[in-house]
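Student: The listed protein sequences derive, respectively, from chains A and B. For the first sequence, my numbering begins at 241 and goes up steadily by one. For the second sequence, my numbering begins at 255 and goes up steadily by one.
Derived by calculation from the structure, the hints in this document are not laboratory data. Don't be surprised by glycine CBs; every beta carbon is placed ideally from N, CA and C. Incorrect hints may appear among the rest.
Rough simulated footprint, nothing fancy, chain A against chain B, three-plus residues with beta-carbon under 8 Å [unchecked claim]: (1) 285 to 291; (2) 346 to 356.
Beta-carbon label-pair distances, calculated as ranges [said to hold, decoys possible]: (3) E336/A x A307/B: 36 to 44 Å; (4) L245/A x A357/B: 15 to 23 Å; (5) A357/B x E336/A: 16 to 24 Å.
Stretches of chain A that chain B covers, calculated by requiring three or more beta carbons in the stretch to come under 8 Å of a beta carbon on chain B [claimed, not checked]: (6) 268 to 278; (7) 311 to 322.
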Amino acid sequence: MDLALAMVVCGLGGVIGGLIGVGGGAVFVPAMTILLSKGQVEAEATSLLMIALVSIVGAWRQRSYGNVNARDAAMIGLLSPVGVLVGVVIANEVPERALRIGFAALALYMAWRLLRRAFGPEDPESGQPADPSGDDPPGAAGSPASGAAPPAGRESAGAGDPPPAARPTTP
Amino acid sequence: MIGTAAGTFSGLFGVGGGAVIVPMLIALLAYGERLATGTSLAAIVVIAIIAVALQGGAYGNVDIGTALILAVPAIFGIVAGTFIQQRIPERTVSLIFAILLIAVAAEMVLG
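In isolation and in its complexed conformation, chain A is listed as follows (with noise of 0.2 Å):
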């Protein structure tokens, strides 16, 4: 019964993640932790087995949609070796708590940028959101750090967005 639990939950997990583009383990790890009982670090690194799984399938569903940028995703991906590993380190030092409390303290500024830009003013010229906060230079939608960013109306959105098969696809 839990385990059939775990797994309609994990099926949301899945949504959310096509919905959002995280892999989801905020959503897996807890499942695992509270229903299936397993410990936290068990559950953490099966996630990740199952984010693999996951993302390679969304992945796939949106480069069809036209909206993975391939350049920077290797780049992304590729760099990350670094962090992992220092992420392991860390995790191996630090008193977990410590950890909690400093991505509990990311995770709320993130979530102020994007409820900035949720119902903060759309950009008359591309239709998109702007980006409320000023910390980015003018024109920052040509994209300082990479060449292969799209100008930010590329991909607008919004209710009268045309179908997928229409949209341009990534450059």
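Given the coordinates of chain A, assemble chain B onto it according to the supplied hints.
Tutor: Only chain B this time, still in chain A's reference frame:
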């Protein structure tokens, strides 16, 4: 920087890094929500595979059977999620993401 930060949090918390990648792509590279989420998933493929190799290989903590059983509904879910995402306003994606981040923060502190 995004890759390194995402990798660090992946190693720390067992999350794939999307919770870091998507907001950074939007805030730092001016990505739209859909492109940010799609690119994030593609990056997570690489990140998660590397993390599994590290965690599973070094510590032997991966429960492959459970992972495969739970991955099946999750894969159906992500296909549905990406499908739905193409049909809702991008602002809604930011809003959903913000709510999730707040929930994660609460779980981290209170859990």
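Student: All the hints need checking, so say for each whether the structure fits it.
Tutor: Structure-based check of all given hints:
no., hint, in the structure
1, 285 to 291, "holds (count 7)"
2, 346 to 356, "holds (count 11)"
3, E336/A x A307/B: 36 to 44 Å, "23 Å, violated"
4, L245/A x A357/B: 15 to 23 Å, "19 Å, holds"
5, A357/B x E336/A: 16 to 24 Å, "19 Å, holds"
6, 268 to 278, "holds (count 7)"
7, 311 to 322, "holds (count 11)"
This entry does not satisfy hint 3, going by the numbered hints stated previously; all others are met.
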